[in-house]
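Colleague: These are the residues of each chain, in order.
2 protein chains.
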Amino acid sequence: MSQRPILYYLGPEGTFTHQAALQAQAGLETALGRAPRLAAVDRASSIIERVDQGRGWGILAWENNVEGTVVPNLDGLINAPRTAGFARLGLDITFDAFVRPDHGVLTQVSAHPHGLAQCRAFSDAMGLEEVPATSNAAACRDLGPQQVGLGPALCGRLYGLDRYRAGVQDFQGARTDFLLLAPRGQAVELSQAWARAQRGGNTASDTCAYESILALIPLQTGPGVLAGLLDRMRDAGLNMTAFMSRPIKGQDGAYSFIATVDSAPWEPSLHTLLEDLAGRAVWVKTLAVDARMPRPDPPVDQWMLPVGGLVAGRSSAGEPTAISKNEELLWPTM
Amino acid sequence: MSQRPILYYLGPEGTFTHQAALQAQAGLETALGRAPRLAAVDRASSIIERVDQGRGWGILAWENNVEGTVVPNLDGLINAPRTAGFARLGLDITFDAFVRPDHGVLTQVSAHPHGLAQCRAFSDAMGLEEVPATSNAAACRDLGPQQVGLGPALCGRLYGLDRYRAGVQDFQGARTDFLLLAPRGQAVELSQAWARAQRGGNTASDTCAYESILALIPLQTGPGVLAGLLDRMRDAGLNMTAFMSRPIKGQDGAYSFIATVDSAPWEPSLHTLLEDLAGRAVWVKTLAVDARMPRPDPPVDQWMLPVGGLVAGRSSAGEPTAISKNEELLWPTM
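Chains A and B, in that order, are what the protein sequence lines are.
Going by UniProt numbering, the residue at position 331 of the first sequence is 331; the numbering climbs one at a time, nothing skipped.
Going by UniProt numbering, the residue at position 68 of the second sequence is 68; the numbering climbs one at a time, nothing skipped.
Only chain A is shown next, with the shape it has when bound in the complex (with noise of 0.2 Å):
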């Protein structure tokens, strides 16, 4: 190709999907020796729809370390027929505080709702009234010179605004996955520049460590079907990190799974465990391979579990009681 592709992005500028697809932009860069364009679509659905009509790339918000996995943007590539993903890519969701250069007594502040409530620690301290908006972006955008707008860190640049406070959500930590996307034609070859570059040029490819995102589909239902699955998993060797069912759209009572698994289709583990699942009464589909990050394996400390509960017989606090075994796992106490 010589024309420089494409990669679709959910829109307005001045998202943190924006912000995502311009870190996804440097990237690709460096992994292919040309950025693509950048452009804005107005629906997840469309990304996923330009993406199997071959039109381009894309990214797509994939989970969140607080409100977990994207459902409909997982929906939509288990249904679409010619994506997959090629990359993942976190971004820290930070939310910066912005004013207009000719602002003046400060008595309001605007954003999405979501972003109203994640900043409302520091609104409060400044007494602002909250004006909601439809994105935060737009709140920026259309910004009154009485008015403070909270989003991402590019907005400032984008709507030739200034920075008034940096990072002023009120919970640190929060963290967004995206996923990049291509026709399923080109997802391993990107997958592996993608890797590449990861580490620093080396070609090995043994030398990367894969993730892949499989969606799996038993034809029958009932009592041990998923452990029978997970069974021949274990067998294969594979560590899964992440793994959640889903109803088949419109089928009550059918599933399909998404489980996350440390391991490349065409390395031997996986690849053996697909020829096999591919072979049985089990529907599949590689959704995604991407580069994964290091990430430790710890075994679970006490001081890591959750309040209550019972571990060995005990109860987190100590040694347990009847009533208190009674209590979590909610025994009738007659």
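Source of the hints: derived by calculation from the structure; they are not laboratory data.
For every residue, glycine included, the Cβ atom is placed at its ideal position computed from N, Cα and C.
Check before you lean on any hint, since a few could be wrong.
With beta-carbon atoms standing in for the labels, derived distance ranges [as the list claims (entries may be wrong)]:
1) A/G144 with B/R4: 40 to 48 Å
2) A/R232 with B/V41: 27 to 35 Å
3) A/P72 with B/P81: 32 to 40 Å
4) A/Q3 with B/Q172: 56 to 64 Å
Since chain A is already given, all that's left is putting chain B on it; use the hints.
Modeller: Structure of chain B alone, referenced to chain A:
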């Protein structure tokens, strides 16, 4: 208790949660012979706090068939020392369009940005300009004479508005399940009373079908841990209807697992499993037990499957070619 109990819900008045709380109020009156008093609070986490302090009951959005599990509420319940769920209640998410009785020419539509996005076909057809509000309820409460407000059915009565049109959401069939919460010591009795009322007052508890939500944390991590856990559930003959992993807060690489199974903790199969697990290197807590709705358990037919993928060695469109197999599984083509 002679004092009327309180049921806390996420306010403001006029939200879908308020609508669900009204249903719960009626259901509890049927089950217990007295209706709780409703009290709105301004954060979901405050609901769990109040129930944990023994100040009353609560209702929380639990999962939605489009958006999936409400993860912050799930995390809240996992970490609540003294709170458990005892009933589940489903609500169809339908938006009505409201106007003031003295309305003039209608030029704008007002709602929470999510509400605006979910009714766009209606607003576009009427040529209305979108005006975001902090919540659908706030939009209806503060409605201008030139505005159409979007919200749940109860907003009409609540704010003295006329219903202009019913069911204006783009997507038909969205549904949210809510979980009713009580202090742990009351949860078993309440779930049984609710179940009896659901079954028309039949007092034999074995005519009720229950489901339980379990939180499990294996103290070891690594390949096969989850498979071993699910093997025990299969061996106990338990049917699992939902399953997901959640990272333990602040602990990269350590996970809790949330399983919904078709049984009550006091029924033999689940009782034995809980005894077994609680004696092993697994932390376990029963998050909820509730009378489940009847539900089909269908085999998965070919036509229910997503487009693409492989099943029993074939692509869903017919015979697999080497290329389509590579593409569905993301195997390199060399």
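Colleague: Are the hints correct? Go through all of them and say.
Modeller: Now the hints, each set against the structure:
In this structure the hint that A/G144 and B/R4 lie 40 to 48 Å apart at CB holds, the actual value being about 47 Å. Taken as a hint, the range 27 to 35 Å is violated for the pair A/R232 and B/V41, whose Cβ atoms sit roughly 46 Å apart. The hint said 32 to 40 Å for the Cβ distance between A/P72 and B/P81, and at roughly 33 Å that hint holds. Here the CB-CB span from A/Q3 to B/Q172 is close to 41 Å, at odds with the stated 56 to 64 Å.
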